[in-house]
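Number of protein chains: 2
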Amino acid sequence: MNISALLTSAGINIAVCLILISLYSILRKQPSNVTVYFGRRIASGRSRRTDPFCFERFVPSPSWIVRAWVTTEEDLLAIGGMDAVVFLRSLICSRISICWFCDFSPFFCFVSLCLLPYSIRIFAIAAIIGCFVVLPVNYYGQKRQYQEFPLESLEVFTILNVQEGSKWLWTHCLTLYILTCSACVLLYFEYRSIAKMRLAHITESPPNPSHFTVLVRAIPWSAEDTYSNSVKKFFMKYHESSYLFHQMVHRAGTIQKLMSDAEKMYMVLKAASVERNCTPGLMQCGPCTDHTNSFKVLSSELETVKEERADFVDMDLVGRKKECAAAFVFFKTRYAAVVAAQVLQSANPMLWVTDSAPEPHDVYWSNLWIPYGQLWIRKIATLMAAIAFMLVFLIPVTFVQGLTQLEQLQQTFPFLKGILKKKFVSQLATGYLPSVILILFLYTVPPTMMLFSVVEGSISRSGRKKSACCKILYFTIWNVFFVNVFTGSVIRQLRVFSSVKDIPAQLANAVPAQASFFLTYVLSSGWASLACEVMQLFPLLCNLIKRVILRIKSDSPDAALSFPYHTEIPRLLLFGFLGFTCSILVPLILPFLLVYFVLAYFVYRNQILNVYVSKYESGGLFWPIVHNTTIFSLVFMQIIALGVFGLRRSPVSSGFTIPLVICTLLFNEYCRQRFHPIFKNHAAEVLIDMDRRDEESGKMEEIYQQLHSAYYQFTLTPHDLFKSGSSSNHEGGDSVRDPENVKPGEEHSQVNGSIKIV
Amino acid sequence: MNISALLTSAGINIAVCLILISLYSILRKQPSNVTVYFGRRIASGRSRRTDPFCFERFVPSPSWIVRAWVTTEEDLLAIGGMDAVVFLRSLICSRISICWFCDFSPFFCFVSLCLLPYSIRIFAIAAIIGCFVVLPVNYYGQKRQYQEFPLESLEVFTILNVQEGSKWLWTHCLTLYILTCSACVLLYFEYRSIAKMRLAHITESPPNPSHFTVLVRAIPWSAEDTYSNSVKKFFMKYHESSYLFHQMVHRAGTIQKLMSDAEKMYMVLKAASVERNCTPGLMQCGPCTDHTNSFKVLSSELETVKEERADFVDMDLVGRKKECAAAFVFFKTRYAAVVAAQVLQSANPMLWVTDSAPEPHDVYWSNLWIPYGQLWIRKIATLMAAIAFMLVFLIPVTFVQGLTQLEQLQQTFPFLKGILKKKFVSQLATGYLPSVILILFLYTVPPTMMLFSVVEGSISRSGRKKSACCKILYFTIWNVFFVNVFTGSVIRQLRVFSSVKDIPAQLANAVPAQASFFLTYVLSSGWASLACEVMQLFPLLCNLIKRVILRIKSDSPDAALSFPYHTEIPRLLLFGFLGFTCSILVPLILPFLLVYFVLAYFVYRNQILNVYVSKYESGGLFWPIVHNTTIFSLVFMQIIALGVFGLRRSPVSSGFTIPLVICTLLFNEYCRQRFHPIFKNHAAEVLIDMDRRDEESGKMEEIYQQLHSAYYQFTLTPHDLFKSGSSSNHEGGDSVRDPENVKPGEEHSQVNGSIKIV
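Chains as they are written, first to last, in the UniProt record's numbering: chain A, 1 to 758; chain B, 1 to 758.
Hint data in this document are derived by calculation from the structure and do not stem from the laboratory.
Incorrect hints may appear among the rest.
Reference listing, derived: stretches of chain A covered by chain B, where coverage requires no fewer than 3 residues with Cβ under 8 Å from a Cβ of chain B [as the list claims (entries may be wrong)]:
(1) 373-383
(2) 669-678
(3) 681-693
Example chain B residues on the side facing chain A (calculated, C-beta under 7 Å, incomplete) [stated by the list, open to error]:
(4) L199
(5) P349
(6) P677
(7) A684
Listed below are several chain A residues computed to face chain B (Cβ distance under 7 Å; list not exhaustive) [unchecked claim]:
(8) L199
(9) Y238
(10) V339
(11) Q342
(12) V343
(13) L344
(14) Q345
(15) S346
(16) P349
(17) M350
Each residue gets a CB set at the ideal place from its N, CA and C atoms; glycine is no exception.
For reference, chain A alone in the conformation it holds in the complex (with noise of 0.2 Å):
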């Protein structure tokens, strides 16, 4: 590939998404796509429905990236909520100043916000170093012919270039320096004020009803007690002076309903059987050898019969039944949870397990009901599961990396040779269509992990997006990393993990090599990929059938989406990798990379503003794995430019990058140390004075009327409270209420109209 060919790539790519992104300026001002890219203000009750017909409408305009730019916190505030200043004031102003908006926000795109102007600042640094110092090191590194510009090969700005022993070698070393140095002073006051963020988040923050619960789970099954009397006997005898009640949970998987609605079913078929059977049964006047004992069989028989109607009329039982060993336990103060939650509750650790409840909006119902002995079994079957289809994966690698090969191509389909010898359709196969096909594939991806999370058993929606957002992160640096840098070039198989020691030489021969495969993978996954994501493709389409095919012309939109944090951070992660890997290397990238950040930023920026609704949160736990990633690509970056100085015999620069790696892990293990464990717990010393402010207020009986409604499993359709109304029965109201598809202002309504469980 040569730099023609990039050049044809970038063309392309950026006329894709100039089309799409004007596209989107016309389509948004249609009035009939107002549900698809006003979502969230829809939800929120803020969109402007009147747009008269005119010319205006036809015209693509750069007006919302104007409005996304200019629009002032005032404004912003008034329209977007707080998030949206949050996210703009991490980028220009200093960090201090938004722990002061965080005291009234939402507080939602906690990480992405940190996350997007993080990268730019740090890429901005490495764009600038790469461009003017390593890249003309680069270029001029050997003596040789040069050629014209565009028919330069893209090799040439590799580190490849640069010959064995070079003096210029210091320069890759101190751009290590340099960068690993900004990268880690911003990454620390990241994470600082995160930290404080998360801290201001938990104090001033409305009460929080998950901060007085408790989730208990496998609780002990007795004999003569229901779950619910166990609890609560455990909690008075254990935690009198701070327990308030408790709620059961009920079970409400999809299996778990399919199965008991077979169970109800199989009973019903087998009393109406067995009465059949019976009566003629008692009646019959055959030769009957032994009499007395078949009608012992049949009296038996009728009694279990009359047991089993007995039980299935018995409504307690059947509630019995039906309650799961888990259960909500609401506690008098915030110190008090904590402490329930963070103590091991009982001598047998399998008995008795407390978790911090999740946010109620945040609960995963249908995944309370897992009988916690299983969790462990579930958890290593899903990484095994992932990992199975982490390596199934390879096949359209590999066969996507043979497109870059024109050759194998050509040999392997004779007929494709008349086509691939024009050279635009060549430059379109090497340059573009490759990182094509393996998005594609990769659109497989994260609804495939979201399904292992799920079947892992998370607790809540955002520890469930958490899990599969890991999963997705190792899955893509894998896949789009590894794979293709080992597959396409040297060697073709995984043998080269078998040679621990000679990885860092390997990898620096294999990286550069596969430039051109990356740069090309930045513009189309990259670029396309944030022009399809403003363009809201899916429910674009899904809102055009609707309309056009299906007739339906309401307004409210079938589901405002949330944030899809465990797509779009692993793929910032991803990027992020590919920029560090590659700075020393093939700093070529890095421009094309400033350019995503800066476009993803200011798409986000809209996206957050217009579309997506906030529905939980996860409080910023998503953090930790964007800083443990971005160590991860600077120690691999270190490594890296180790195997390179090794290939070129540089022992000075070399010398000089084995401190690099471990102060880069000191700095790991000093923040691990000091911010992560506000990650995984709550103070003692904030809630105590949380809950001192809010007895001294008199707010807490108020706190404690709303935790009665606060955790509600199921919703009534008006179906069921009509049954509800004409019997007690407890069962209609079994459809599960999923946050995901409900819209804000419907919340509270439900609320009143719920079945309160306790």
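Model the placement of chain B on the given structure of chain A, informed by the hints.
Below, chain B without anything else, positioned relative to chain A:
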């Protein structure tokens, strides 16, 4: 090495053992050695000192073995305390009865108590299968000329002798299954019973001050307040209802003492010199350009001198300076203490760090002054140092391995040729010398690792021993096993580990090739070290020097030793590891190992009965190390077996081994989930029950009284007592108390004599 060489080696070792043991049985009867061999009895005031001079004293007898075996439980209970009983019962009787005994036992030897019988059981099974199934299969594995038995090479007993693709390999696979299953079943019951014992130990033992106490570190420095006041304010504010009182920790490290001495000296000298300078300065009449200024300087200097002196004299300020940022905080209930220890206290995780306090005798006072912020870096530094030490240690090991290859030695030192040609010498050199040299080098390891653990900053003696135990364990497994396997045989460098995939196959080749080394290692290091252990060579030598050269005749022991867990557990685990690893490769090793474990059982039983004193208890914290190492050994055995089956081309056996590996790992994970939390934290349920019991019986007041004198950092020498009598200066009592050097009888008087620092 052939069978005759092995027999030579075994013969030498048996002879050495017999001589040493006979010597022991004579020496132990000499009244002059009573302090060496009956330290424990003297300490508990139960030794008989009047032995008449008779002939019997100089005749070796196996009486101690008989006695160790014969003594009834009741006698053991009366003589040796409950620990010996527990030790015995863990072998003979069922598990449940142990728990009953635990109820009123001092609960010492918690781990070795179960480790040894466990090892005996599992290796009895292994030895039987190994000798009667695997050994014949190996021996008759290949058609070849059978030599005279004593001249058979050891190799024909290893798996190397089995033909490729042999059908008999299923016996090895079956052995693997039987061994793994029996090991896991035994391990599970051990873990369960030990967990029960730990709980019983906590609940049934007399009130333990450490349960009421929390160690607070990283108390923030404030300009207005002393540390003591800060602690009081903080805990009065946040733990008002349960806070009792606290006790500051004072600086007492050796370096600290030297530094403060130097500081004092400096201040005295400075004061003196300033005084000397001052007087003439004020009275000088020479040419003085700026008189006022110089006067100012002098006067301000005088003021600082005055201030310094005031500081020096003001005892409050001196007291404040000596306090360090750590304190023991006492709570009203056990539950409150455990809550304070487990919950994150401050929003800054580097401040107000709480930990469960160690037992009073277990506190390692010299490490408490270490600033908390240093700990993480100390841990990393010691880890690095330990790894460096492990690598440096390669040098002697490589040399030792050179000895097993005599040709090389002859080439290097040609003058040895004559001697080495003699058969006996060569057998001695190959069979015995290498492991003796290795053992001698290994003796330097425990003190070094102990030093690392001290530098690491453990707050308790048991924690220090546990940390040293882990380090020594990794060290021995690495240096005895891996380095010997790989340096001695195929590959001379660490290069092996650069190729991950081939490791199983290489191990499968290398381990049987080193069979002779492992056999002699078990003989020399195992058997002989037990004989040395029972002989107590070093104390015996000290005693001899004291009596013969220094002519001291006092009978009281300098220091009754505590059981050296940190050296004995790694040794036992290493032999277990060797046993598992070699079980199917070199089954010849198993009988020797079994003999070792049985002998160890008697020896340690005798030592615990007579020699060692238990001063502090870890409460079974060593067991998870044992468990994990055993699981590691099992998995390692299976991986090597995979390599073997791969080399011998038996895909069926390989296929059957893989599920075994997975099941073993799942079993480990289950045990970790089920039992490990009990070893990390105390359960709320248990502690609250204990608190209630004590409250109801009215014992609490008594316990609070005990708490006041429980933790005492300084002891008084008579000199100090005089000083503290004449002035109220607390500095005198600087000699830090070391429970390792204190007799149990002494303790009480010291408690009363100590200065209470509250």
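Outcome of the hint check:
| no. | hint | verdict |
| --- | --- | --- |
| 1 | 373-383 | holds (count 3) |
| 2 | 669-678 | holds (count 8) |
| 3 | 681-693 | holds (count 7) |
| 4 | L199 | holds, 5 Å |
| 5 | P349 | holds, 4 Å |
| 6 | P677 | holds, 4 Å |
| 7 | A684 | holds, 5 Å |
| 8 | L199 | holds, 5 Å |
| 9 | Y238 | holds, 5 Å |
| 10 | V339 | holds, 5 Å |
| 11 | Q342 | holds, 6 Å |
| 12 | V343 | holds, 5 Å |
| 13 | L344 | holds, 5 Å |
| 14 | Q345 | holds, 5 Å |
| 15 | S346 | holds, 5 Å |
| 16 | P349 | holds, 4 Å |
| 17 | M350 | holds, 6 Å |
Violated hints are absent here; each numbered hint is respected by the structure.
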